[in-house]
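> Residues per chain are reported as follows:
There are 4 protein chains.
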Amino acid sequence: MNAKGKIINDPVYGFIRFPEPEIMALIDHPWFQRLRYIRQMGSAHLVYPGAMHTRFAHSLGACYLMGKALDELKAKGIDITTEESLAARAAILLHDVGHGPFSHALEHTLVEGISHEYLSELIMNKLNEEFNGALSEAIEVFGQSYQKPFLHQLVSSQLDVDRMDYLNRDSFYTGVSEGVIGYDRILQMLTVKDGQLMVEEKGVHSVEKFIVARRLMYWQVYLHKTVLGSEMLLINILKRARILAQDGVTLPCSAALKHFLYNQISAEDFKQDKSHLELFCMLDDVDILSAIKSWCTHHDKVLSKLCNMMQYRKLYKVVISTDNLDELKGQKTKVASEQLGISDEEMKYFVFGGITSKDTYNTNNDIIRIAMKNEDVKDLSAIDNPVVNEALAMPVHKNYICYIQP
Amino acid sequence: MNAKGKIINDPVYGFIRFPEPEIMALIDHPWFQRLRYIRQMGSAHLVYPGAMHTRFAHSLGACYLMGKALDELKAKGIDITTEESLAARAAILLHDVGHGPFSHALEHTLVEGISHEYLSELIMNKLNEEFNGALSEAIEVFGQSYQKPFLHQLVSSQLDVDRMDYLNRDSFYTGVSEGVIGYDRILQMLTVKDGQLMVEEKGVHSVEKFIVARRLMYWQVYLHKTVLGSEMLLINILKRARILAQDGVTLPCSAALKHFLYNQISAEDFKQDKSHLELFCMLDDVDILSAIKSWCTHHDKVLSKLCNMMQYRKLYKVVISTDNLDELKGQKTKVASEQLGISDEEMKYFVFGGITSKDTYNTNNDIIRIAMKNEDVKDLSAIDNPVVNEALAMPVHKNYICYIQP
Amino acid sequence: MNAKGKIINDPVYGFIRFPEPEIMALIDHPWFQRLRYIRQMGSAHLVYPGAMHTRFAHSLGACYLMGKALDELKAKGIDITTEESLAARAAILLHDVGHGPFSHALEHTLVEGISHEYLSELIMNKLNEEFNGALSEAIEVFGQSYQKPFLHQLVSSQLDVDRMDYLNRDSFYTGVSEGVIGYDRILQMLTVKDGQLMVEEKGVHSVEKFIVARRLMYWQVYLHKTVLGSEMLLINILKRARILAQDGVTLPCSAALKHFLYNQISAEDFKQDKSHLELFCMLDDVDILSAIKSWCTHHDKVLSKLCNMMQYRKLYKVVISTDNLDELKGQKTKVASEQLGISDEEMKYFVFGGITSKDTYNTNNDIIRIAMKNEDVKDLSAIDNPVVNEALAMPVHKNYICYIQP
Amino acid sequence: MNAKGKIINDPVYGFIRFPEPEIMALIDHPWFQRLRYIRQMGSAHLVYPGAMHTRFAHSLGACYLMGKALDELKAKGIDITTEESLAARAAILLHDVGHGPFSHALEHTLVEGISHEYLSELIMNKLNEEFNGALSEAIEVFGQSYQKPFLHQLVSSQLDVDRMDYLNRDSFYTGVSEGVIGYDRILQMLTVKDGQLMVEEKGVHSVEKFIVARRLMYWQVYLHKTVLGSEMLLINILKRARILAQDGVTLPCSAALKHFLYNQISAEDFKQDKSHLELFCMLDDVDILSAIKSWCTHHDKVLSKLCNMMQYRKLYKVVISTDNLDELKGQKTKVASEQLGISDEEMKYFVFGGITSKDTYNTNNDIIRIAMKNEDVKDLSAIDNPVVNEALAMPVHKNYICYIQP
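Protein chains in written order, with the numbering used here: chain A, 117 to 522; chain B, 117 to 522; chain C, 117 to 522; chain D, 117 to 522.
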């Protein structure tokens with residue numbers, strides 16, 4: 117590290133710099149280093165083999181974009197102090213630190229109902245103690261209580277640097293180049309009015325394109341049927357393991373994973389007893405992957421079959437449709453039960469259905485504000501002749517079923 | 117040229133090959149070589165300095181994409197003969213051969229009301245004579261009379277390889293990277309049903325993104341106010357020159373340009389007398405640019421002032437708005453007439469207004485067809501939850517005024 | 117999978133196709149799927165966070181380049197049968213299948229002295245049995261016994277598609293964009309003469325640039341001092357674990373890893389007893405990473421300290437120099453031994469030195485042949501005014517020391 | 117233009133900013149605007165159709181790189197004042213302002229023996245008068261008389277931002293992607309010691325790669341045989357026109373071109389009489405191209421034939437070789453003279469030969485200095501095991517002949 121701070125090579129942005137020693141101290145912390153071993157896209161690499169990138173790289177990237185956004189706003193005369201810059205950079209750097217491995221699967225099983233944002237905040241508070249209060253302002257920015265709302269909006273809103281980075285990065289690593297967004301133009305069009313983050317009118321088409329690219333990434337990548345199926349497989353593995361654990365069955369795995377398999381920890385528990393958080397911060401992809409590998413030979417047939425499916429990529433067949441799929445599910449259940457000879461209770465691990473949904477633009481919570489040339493402020497969906505209109509704000513629901521082909 | 121045909125380095129696609137000797141013969145023809153000296157984007161380089169690319173490069177690029185599209189369709193089992201491939205490749209190669217220099221300006225002045233498609237067809241017929249009928253099938257494909265409509269649709273429709281190339285190429289050369297489209301995925305999603313070109317359902321988001329990228333290119337580049345202003349300046353120069361010519365004033369310029377300045381040639385004339393077409397095929401950017409340069413010192417004050425404005429990039433100020441701009445135009449006229457002391461007749465070269473319009477997706481003529489998984493065929497704007505909906509099909513009109521700041 | 121075969125999105129090359137069902141069957145095999153969990157660059161991601169790509173993706177990429185190379189040669193009239201194409205594609209696909217996790221470290225410890233090429237060949241033979249002899253020709257190509265030497269040279273030589281892919285891919289994922297090579301031009305310049313692979317004279321500068329890019333990647337990435345240090349750390353962990361295992365100390369880890377820690381398996385053993393190979397094919401990065409994690413709390417202080425250094429990225433300090441470093445090593449040893457109070461025997465895990473070496477172009481074994489226009493064949497270093505000359509063929513030796521800063 | 121200055125979209129670097137009003141005033145000057153109409157690579161677009169980029173874009177790009185280089189040096193603590201920054205930026209912006217159209221051809225004919233650097237300096241002095249001395253420091257930097265040599269070295273040396281930009285830009289627009297250089301890493305490795313520009317030791321491989329990329333661009337692009345042939349054709353056109361002019365033959369062309377065709381202007385003349393410089397600053401590609409077009413029908417058979425060859429791309433056949441080509445030249449002369457029936461005097465326009473030469477690294481004038489870690493300064497070719505060695509510093513001579521195939 118020289119006078120210009122640490123420089124890291126990032127395939128997406130090139131050289132990125134971390135001039136602040138405070139930021140480098142956070143990056144070096146074991147709880148942040150842990151993110152090196154948590155992939156951003158979980159099991160999606162089974163469909164997109166390039167998608168091995170980590171939450172570590174994403175967090176650095178988002179921190180870089182935050183720096184660029186703040187520089188742009190300062191160049192436009194928006195008042196942002198050095199402390200506020202540092203707070204916003206720290207907040208975005210740590211925004212994902214509460215993610216566990218295969219986060220979506222985990223939130224449906226081992227830490228059911230506990231959001232990663234909640235855990236991120238707990239971790240930030242813990243780090244704040246370690247760093248003697250140096251993160252207080254960052255926590256306010258993250259938690260939306262800081263007096264300048266635009267700083268929080270840069271961390272978390274429909275146009276935050278988190279999304280800008282992950283859309284770009286996921287697009288880059290999956291090779292779905294259509295998801296690439298023109299982040300530099302969007303950053304350049306950002307402005308602040310009455311404390312709110314907004315986009316200059318002439319940037320409206322860039323933002324429209326960003327929304328459409330996001331829509332494409334959702335339907336083409338994040339909700340890709342095989343990606344969905346591999347995620348459901350992981351959820352089923354953890355669900356089955358949980359049930360076995362509750363029945364007292366032995367499941368070889370790491371100490372940290374054991375803790376969350378054999379105990380049911382509530383959000384409140386995390387607050388009361390620090391040891392839960394410490395063990396949670398020991399978990400990464402390696403714990404899950406090594407468990408699955410060793411469970412491939414477990415005596416519970418359901419568990420071992422599911423683990424073998426995952427380990428050797430014999431994934432569910434998946435159908436996604438706006439049509440009702442109950443009949444198809446019935447057929448597939450019948451075929452499977454005839455051939456596998458397993459109980460109805462167990463069948464739900466091998467043939468099952470559900471609903472997936474996604475809105476293109478959410479007008480309920482935080483809208484994207486456009487600063488019109490005539491000084492008005494409009495919602496993105498309320499400009500003349502909008503691409504992103506009310507209809508797109510409605511969530512789209514699709515049915516899916518997953519089944520095995522015996 | 118070796119066994120694999122001629123290879124050309126294209127900055128957009130890398131190496132592109134022309135294995136057919138027939139195609140190479142067309143490329144080598146003087147009338148096609150002429151496109152080397154006609155820029156694709158006319159005077160837009162005054163705003164985007166990188167945009168110096170030519171209709172020559174665009175035509176080669178479109179021909180390359182046609183080859184890729186045909187290969188994809190053939191791989192899907194669509195019946196396309198070697199002759200049809202060659203015809204489609206020749207048709208797209210020559211689709212722009214009827215463009216004059218600064219085409220949009222020319223079509224409003226020197227060859228008023230004569231479309232470049234009309235001239236392309238005349239030229240193709242002329243070449244067909246030279247090549248002893250080898251282009252007959254290409255002309256049918258171009259002219260929409262060939263029995264397989266999808267071949268024409270690849271040449272000219274809302275999803276043709278012409279647009280795919282020029283959007284990509286213009287985006288590349290202007291540096292407006294947001295206009296880049298994922299042409300390879302779109303090509304891969306093309307299919308043919310009942311003779312019609314369509315897109316597989318799973319490609320719908322790629323097409324949506326293509327439409328939104330096109331919309332962005334229109335508002336951000338093609339209708340950029342300074343681009344619009346420079347094009348209007350060129351139109352005014354040619355209009356003024358025309359009027360002077362009709363009054364018998366001497367205007368130094370090339371013989372070919374002189375022919376079209378001093379004579380009014382109709383579409384019918386082009387057909388009757390081959391010499392018009394031959395002279396037209398002598399025109400390129402150099403004729404216009406050298407004329408403007410020499411007219412900078414012309415004794416007609418209006419002409420020389422306009423030419424100086426163009427040569428030294430002292431362009432009109434331009435305002436574009438959905439509001440009525442009549443009042444503003446009145447003010448600007450008053451200021452200009454007070455300071456310049458020119459007649460009302462002449463003032464219209466220096467302060468004037470108009471309407472510009474653009475639709476994002478045109479549902480009137482040729483729609484984009486989506487081949488649904490359930491065998492239906494839908495219009496792109498009729499799928500569930502479309503980005504490209506009926507509202508976007510309505511043309512957007514904007515008022516503009518151009519004026520000089522004395 | 118449709119008529120055109122399976123298509124995979126690769127961030128480096130875009131869409132890549134696998135039209136042959138035989139190749140797809142190999143990819144689907146558990147022993148090949150295992151490569152999904154073996155990173156190409158081992159622990160280098162600790163320096164280049166983007167470098168998470170796997171041997172799986174590299175093998176697919178090399179197979180893609182092989183297809184392109186064969187197409188080029190066929191277009192030049194070189195006789196290559198469909199069977200030979202398939203054999204060459206299978207050979208390159210499987211060329212790395214014998215890699216274990218963190219291969220370089222492993223080859224110095226657990227499978228000491230057994231090369232991955234040796235294991236790849238054993239595995240290919242085993243697969244050949246499973247696939248009823250379908251791989252016989254591929255094995256001949258891989259093993260250099262096939263009658264057309266150029267096929268083997270495409271798999272393994274100083275200009276093989278293996279190197280082309282890994283240089284490109286490593287460059288892409290590390291973000292060291294200078295390592296990117298113009299693989300398409302090199303492929304296009306390949307030719308065959310008297311059965312030998314060579315490069316047309318006009319491609320000589322592209323090859324020179326390839327060699328220089330490779331040199332840059334070596335000194336800047338592969339032999340980067342921190343990369344070197346992290347690899348040495350891993351070697352030391354495995355060495356220590358091995359010694360403890362031989363002393364009968366219990367080391368929690370997966371069954372497969374245990375097998376290689378507690379037994380010394382020779383190359384000959386691998387041939388005699390199939391179970392060694394089967395267990396080897398169970399090993400991937402997860403086994404190593406989960407072991408290191410659990411050994412962080414091992415009672416052996418040396419092992420646990422080394423594992424903590426790795427897990428939390430407290431890496432060795434490293435000095436690389438052409439100067440003699442013995443004195444510096446002495447100083448560092450003194451400082452460390454004073455502060456750590458550990459035995460001389462144990463000190464060698466914390467302060468140690470060695471020699472690293474690299475040649476830019478190796479003229480001993482297989483040279484790069486240039487097909488001169490005048491029909492001669494020259495070695496790359498024997499052309500007029502070569503960049504890659506004899507001097508560059510000499511290996512460069514550098515001294516290094518690694519030490520901890522207590 | 118807002119508070120952040122003018123922003124220009126550059127396809128090579130993305131958004132580039134010109135925050136200084138002084139720089140914008142220079143860009144807006146007619147003599148700089150002229151560079152919009154002078155292509156960087158002259159007639160090379162006849163081989164590489166994408167290479168239409170202008171000296172205007174190159175000058176902006178070099179100015180951008182200068183800004184980045186200065187920022188890097190300042191971040192390393194090198195003392196550079198705001199005035200010096202501005203001077204260096206102005207110097208590089210104007211470094212090519214003395215280029216005429218098709219510069220290499222012109223320097224061999226119309227302004228024989230007068231270098232573009234000489235004219236650039238004259239023009240800078242003239243602009244300095246107009247801008248009341250604001251360019252004095254820039255002129256010192258340009259002319260090597262400023263007290264801090266590294267500023268001049270950034271403008272003009274073997275590692276200047278001029279080369280960095282044109283290699284990158286030419287590589288980008290020709291589509292010869294192998295010529296792309298890692299300019300950002302080189303910029304980052306720059307440093308200053310005792311007032312001299314140098315490269316940090318760890319940047320040595322990047323510089324080697326830069327030199328090899330430059331070598332590749334020379335042999336593959338700049339000295340490509342067809343590029344060479346088209347340049348010789350242009351030289352012959354201008355030579356013939358000159359001879360005709362001296363004989364009093366009428367040659368239709370622009371007034372500015374006429375001035376230089378019919379008069380022989382010396383370097384001294386340019387200084388004595390300002391009108392020469394003013395007329396020179398009227399010349400751009402359009403003057404040459406329109407002249408060639410109109411001379412296609414000139415009654416001098418030699419001139420009209422040469423012009424037709426250029427206009428319709430019937431270029432010379434060219435052979436380049438280290439062998440002696442006299443015999444081949446004799447044969448081609450014989451064939452041509454038999455068939456064309458022209459005089460020996462005229463034959464030299466249609467069959468002729470010469471020598472082309474290029475050194476990869478020039479150790480005579482200004483070397484590339486490497487700042488070694490141990491405080492030494494070494495020449496790039498004097499480091500251990502150099503790629504760029506003494507042998508590469510020797511110029512390579514090649515013979516060529518151009519001839520027509522009647």
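To be clear, the hints were calculated from the coordinates, so they are not data collected in a lab.
Treat the hints with care, as some may be off.
When chains are identical, the list treats them as one kind, so a pair holds in a single copy or across two.
Said to hold, decoys possible - As a list, the in silico DSBU-like pairs of lysine-lysine whose alpha-carbon atoms are at most 30 Å apart:
#	residue 1	residue 2
1	K417	K341
2	K242	K184
3	K417	K374
4	K445	K374
5	K445	K489
> Please go over all the hints and tell whether each is borne out by the structure.
Verification of the hints:
no.	hint	in the structure
1	K417 with K341	within (26 Å within a copy, 48 Å between copies)
2	K242 with K184	within (28 Å within a copy, 40 Å between copies)
3	K417 with K374	both (20 Å within a copy, 25 Å between copies)
4	K445 with K374	neither (34 Å within a copy, 44 Å between copies)
5	K445 with K489	between (54 Å within a copy, 19 Å between copies)
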